[in-house]
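Visitor: Now for the letters of each chain:
2 protein chains.
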Amino acid sequence: MAKDIILFETSYWKVILFEDQSYLGRCVILLKRNCGELSSLTFKEWSDFSENIVKKMEIVLKKSFNSTMFNWTCLMNDAYKDKYPKPQVHWHFRPRYKSKVTFEGEIFEDSEFAHHYSRERKKIVSNEILEKIAKKIKENF
Amino acid sequence: MAKDIILFETSYWKVILFEDQSYLGRCVILLKRNCGELSSLTFKEWSDFSENIVKKMEIVLKKSFNSTMFNWTCLMNDAYKDKYPKPQVHWHFRPRYKSKVTFEGEIFEDSEFAHHYSRERKKIVSNEILEKIAKKIKENF
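Just so you know, the sequences run in chain order A and B. For the first sequence, this note's numbering assigns the number 532 to the initial residue and increments by one for each residue that follows. For the second sequence, this note's numbering assigns the number 532 to the initial residue and increments by one for each residue that follows.
Heads up, a few of these hints could be off.
Same chains, same names: a pair is fine if it fits in one copy or spans any two.
Heads up, simulated DSSO-like pairs for lysine-lysine below, C-alpha to C-alpha not over 27 Å straight-line [unchecked claim]: (1) Lys629 with Lys614; (2) Lys593 with Lys612; (3) Lys545 with Lys586; (4) Lys667 with Lys654; (5) Lys587 with Lys563; (6) Lys586 with Lys614; (7) Lys612 with Lys545; (8) Lys612 with Lys631; (9) Lys612 with Lys594; (10) Lys666 with Lys563; (11) Lys612 with Lys586; (12) Lys631 with Lys667; (13) Lys617 with Lys629; (14) Lys575 with Lys586; (15) Lys629 with Lys612; (16) Lys663 with Lys586; (17) Lys575 with Lys587; (18) Lys614 with Lys593; (19) Lys654 with Lys629; (20) Lys631 with Lys614; (21) Lys593 with Lys617; (22) Lys629 with Lys667; (23) Lys614 with Lys594; (24) Lys612 with Lys653; (25) Lys563 with Lys575; (26) Lys593 with Lys669; (27) Lys594 with Lys617; (28) Lys617 with Lys631; (29) Lys593 with Lys663; (30) Lys612 with Lys654.
Just so you know, these hints were derived from the structure itself, not from any lab.
Assemble the whole structure, with the sequences as input and the hints as a guide.
Guide: Next up, the structure:
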């Protein structure tokens, strides 16, 4: 099983490539300070997010794997399973693909393309493949 | 069946209260110009969104219905069902509730609280109730 990889950091955010690559390039983007809701983000955190995360990730993923479009979600539901919730702002980033992608011998197929993402379908890749995905993305920064 | 209601507009965004109130206060926030992806938003569109939509909606919904937290998603999957997709940037806003809310004799219960939102569960309210929800939200602006 692969360990998540830190792809890059900005002043306010950390981009983590997930071991579950059901959507090739799937990342989680974590705010680096303690903050539990989007309405409490500062102006600088928002502009760093829009310019250095959203713009960068969408452009780089298109270059790297020819992603068709992208799903962005900020949910934080899991934190509320605790009696004393400590939510931490983070975004889920799922590149979506109209055609399957073969990369390093692995086939990545977005079988729900044009529909809501699936949370059941998983594709846990090996450490070696995850590192190669990270390398490929970084080459296109 | 109720018609969606325009709650308010900013310079760049339009906030629409959905007839499906499975999550009380559920809205869709539409960008007012043609634009198909988040990476193409301008600086002004992002700052209008963060300041006048996200901050405002979270604060006002807490005041109006005591929402516990919020799910924000930008997906646009449906547009890609077409042969020639014309995606249009929009956000789905779902207030989430740890306790049920009774409003104007209707019970709103977030039976998936602390879990991912359901896309199957619907609560289509009457026009009258939808207008009362809109009025209550507007009172707290």
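Visitor: For every hint, state whether the structure bears it out.
Guide: Now for the hints, and whether the structure bears them out:
no.: 1; hint: Lys629 with Lys614; in the structure: between (41 Å within a copy, 11 Å between copies)
no.: 2; hint: Lys593 with Lys612; in the structure: between (36 Å within a copy, 20 Å between copies)
no.: 3; hint: Lys545 with Lys586; in the structure: both (15 Å within a copy, 23 Å between copies)
no.: 4; hint: Lys667 with Lys654; in the structure: within (18 Å within a copy, 45 Å between copies)
no.: 5; hint: Lys587 with Lys563; in the structure: both (18 Å within a copy, 24 Å between copies)
no.: 6; hint: Lys586 with Lys614; in the structure: between (37 Å within a copy, 25 Å between copies)
no.: 7; hint: Lys612 with Lys545; in the structure: within (24 Å within a copy, 33 Å between copies)
no.: 8; hint: Lys612 with Lys631; in the structure: between (36 Å within a copy, 16 Å between copies)
no.: 9; hint: Lys612 with Lys594; in the structure: between (38 Å within a copy, 23 Å between copies)
no.: 10; hint: Lys666 with Lys563; in the structure: within (23 Å within a copy, 38 Å between copies)
no.: 11; hint: Lys612 with Lys586; in the structure: between (32 Å within a copy, 24 Å between copies)
no.: 12; hint: Lys631 with Lys667; in the structure: within (17 Å within a copy, 47 Å between copies)
no.: 13; hint: Lys617 with Lys629; in the structure: between (37 Å within a copy, 15 Å between copies)
no.: 14; hint: Lys575 with Lys586; in the structure: both (15 Å within a copy, 15 Å between copies)
no.: 15; hint: Lys629 with Lys612; in the structure: between (35 Å within a copy, 10 Å between copies)
no.: 16; hint: Lys663 with Lys586; in the structure: within (22 Å within a copy, 39 Å between copies)
no.: 17; hint: Lys575 with Lys587; in the structure: both (17 Å within a copy, 18 Å between copies)
no.: 18; hint: Lys614 with Lys593; in the structure: between (41 Å within a copy, 20 Å between copies)
no.: 19; hint: Lys654 with Lys629; in the structure: within (17 Å within a copy, 32 Å between copies)
no.: 20; hint: Lys631 with Lys614; in the structure: between (42 Å within a copy, 17 Å between copies)
no.: 21; hint: Lys593 with Lys617; in the structure: between (34 Å within a copy, 18 Å between copies)
no.: 22; hint: Lys629 with Lys667; in the structure: within (20 Å within a copy, 42 Å between copies)
no.: 23; hint: Lys614 with Lys594; in the structure: between (43 Å within a copy, 22 Å between copies)
no.: 24; hint: Lys612 with Lys653; in the structure: both (22 Å within a copy, 23 Å between copies)
no.: 25; hint: Lys563 with Lys575; in the structure: both (13 Å within a copy, 24 Å between copies)
no.: 26; hint: Lys593 with Lys669; in the structure: within (13 Å within a copy, 41 Å between copies)
no.: 27; hint: Lys594 with Lys617; in the structure: between (36 Å within a copy, 21 Å between copies)
no.: 28; hint: Lys617 with Lys631; in the structure: between (38 Å within a copy, 21 Å between copies)
no.: 29; hint: Lys593 with Lys663; in the structure: within (16 Å within a copy, 44 Å between copies)
no.: 30; hint: Lys612 with Lys654; in the structure: both (25 Å within a copy, 24 Å between copies)
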